[in-house]
Amino acid sequence: MKIQVLLFGPLAEVAGTEQLELTQVPDTDVLRQLLLKNYPALADCAFQVAVNRKLALLVQPLQDGDEVALLAPFSGG
Amino acid sequence: MLYFITTNISTMEPTRHKRKQVLTEGPISPAFIAEAIAKHSSQTGIGAHAIFLGQVRSDVIDGKSVQAITYSAYPEMAEDAFHEIREKAFARFSLTCMHIYHSLGTVKSGEISLFVFVSSVHRADAFAACKEIVDAIKAEVPVWGKELLEDGTHVWKKNTP
Chain A
6 MKIQVLLFGP
16 LAEVAGTEQL
26 ELTQVPDTDV
36 LRQLLLKNYP
46 ALADCAFQVA
56 VNRKLALLVQ
66 PLQDGDEVAL
76 LAPFSGG
Chain B
48 MLYFITTNIS
58 TMEPTRHKRK
68 QVLTEGPISP
78 AFIAEAIAKH
88 SSQTGIGAHA
98 IFLGQVRSDV
108 IDGKSVQAIT
118 YSAYPEMAED
128 AFHEIREKAF
138 ARFSLTCMHI
148 YHSLGTVKSG
158 EISLFVFVSS
168 VHRADAFAAC
178 KEIVDAIKAE
188 VPVWGKELLE
198 DGTHVWKKNT
208 P
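Residue numbers (this note's numbering), protein chains in the order written: chain A, 6 to 82; chain B, 48 to 208.
Here chain B stands alone, though its shape is the one from the complex (with noise of 0.2 Å):
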């Protein structure tokens, strides 16, 4: 009797979405992306894809240049931070389906480090949800970049608002 439930609970829940693994060690390859998106095809019900990439660039700092970046993490937070902005997401746009990447470890410059890719009936759910999802990320996940200099040395990554 519990068991029948307990199941049938977790059935009514249709606001939870499986947890996925976000964090992927090295680049994001454009190889890699262009396999998420041919995945999708047979999905006919979508109309838009939004899709974020976000590329390591080469800043210049006290005349030095940014050769890449080396993500750090507090791992077991960050993905239960990333959990929740797919569920926030989920819940506030009318979405079909969700992929979150962000690289840990080294990214060089030109390379890909974040990967967002939202898809829906019409676009502007897709356009909305990704650009909140790409802020919330900046803001709520605990991951740090240490930008790697031409020299040698290094400085930590500062986030704009």
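For reference, chain A alone in the conformation it holds in the complex (with noise of 0.2 Å):
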């Protein structure tokens, strides 16, 4: 399987990259570890985790195909 990783804003920037591909991660927390093992400065920032497009508020599994996004608390307006 694999998986879509977009990052935006504040995160792009500590992370250096505005997506990733990954393969065999099964659920959202696994995606959490694996994240902060590959770029230890994100332990730092606070951010919530959508899958397509809508927000994961407990963990979730995740498909080939998914597209996930990491979000920094918001600030438009």
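Just so you know, nobody snuck in bad clues.
Using C-beta positions, here's what the derived DEER-type ranges look like: (1) A/LEU41 - B/GLU123: 21 to 31 Å; (2) A/ALA48 - B/LYS205: 13 to 23 Å; (3) B/LYS67 - A/PRO45: 40 to 50 Å; (4) B/GLU197 - A/GLN38: 34 to 44 Å; (5) B/ASP198 - A/PRO78: 23 to 33 Å; (6) B/ALA81 - A/PRO31: 46 to 56 Å; (7) B/SER112 - A/VAL64: 36 to 46 Å; (8) B/GLY92 - A/PRO31: 50 to 60 Å.
Hints listed in this document are in silico derivations from the structure and should not be mistaken for laboratory results. Given the structure is predicted, the values throughout are model-derived calculations rather than measurements. Ideal placement from N, C-alpha and C gives every residue a C-beta, glycine not left out.
Using the hints, build the complex out of the two chains.
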């Protein structure tokens, strides 16, 4: 399975990338652990995870082709 | 037969409104706002317009003033969120119409980056809806503001609750 991970705003800056492709990520909890391991600076950032443009409030299983986004606290307006 | 049923169902959903593009590149000009107001003169059932304009503020951060904000978004999810906010406001208040515009890209201090425009028969609905919509935009829409400082550095904007 393959998922696409999108990073925006402050998180893209911290990680130094706006997009990642990952394989073998069964759920959003594993994804978090994997990201923190590869991008330790993300540990200092608060973020929510959206799966296919919907906020994942609990741990959510991931499927092939999912679009996952890391969202820092919003600061529009 | 199936065609008849589906069209019939879709016309029976009065709470769904046309999806509108909210995100717009660059600042929102005063002329655009004036034009938006003028366009409503033919809608004579309207008795109240409530307008919120968000202006980029030149905060001073560590002795350096904010020159501009560059807005970025998760555009597809942001438009979904704007649409939901619109639908909720139409369901909760008696509104004649509603327009929302939010900037993307760079907006200089003193320029407008958010334009919320609601119209109703009487003022109470327009006032209440306008506040609720602006609060929801700040809390629920995946947009981020990067504050550009006078020395070329930047900080990420934090919204006040």
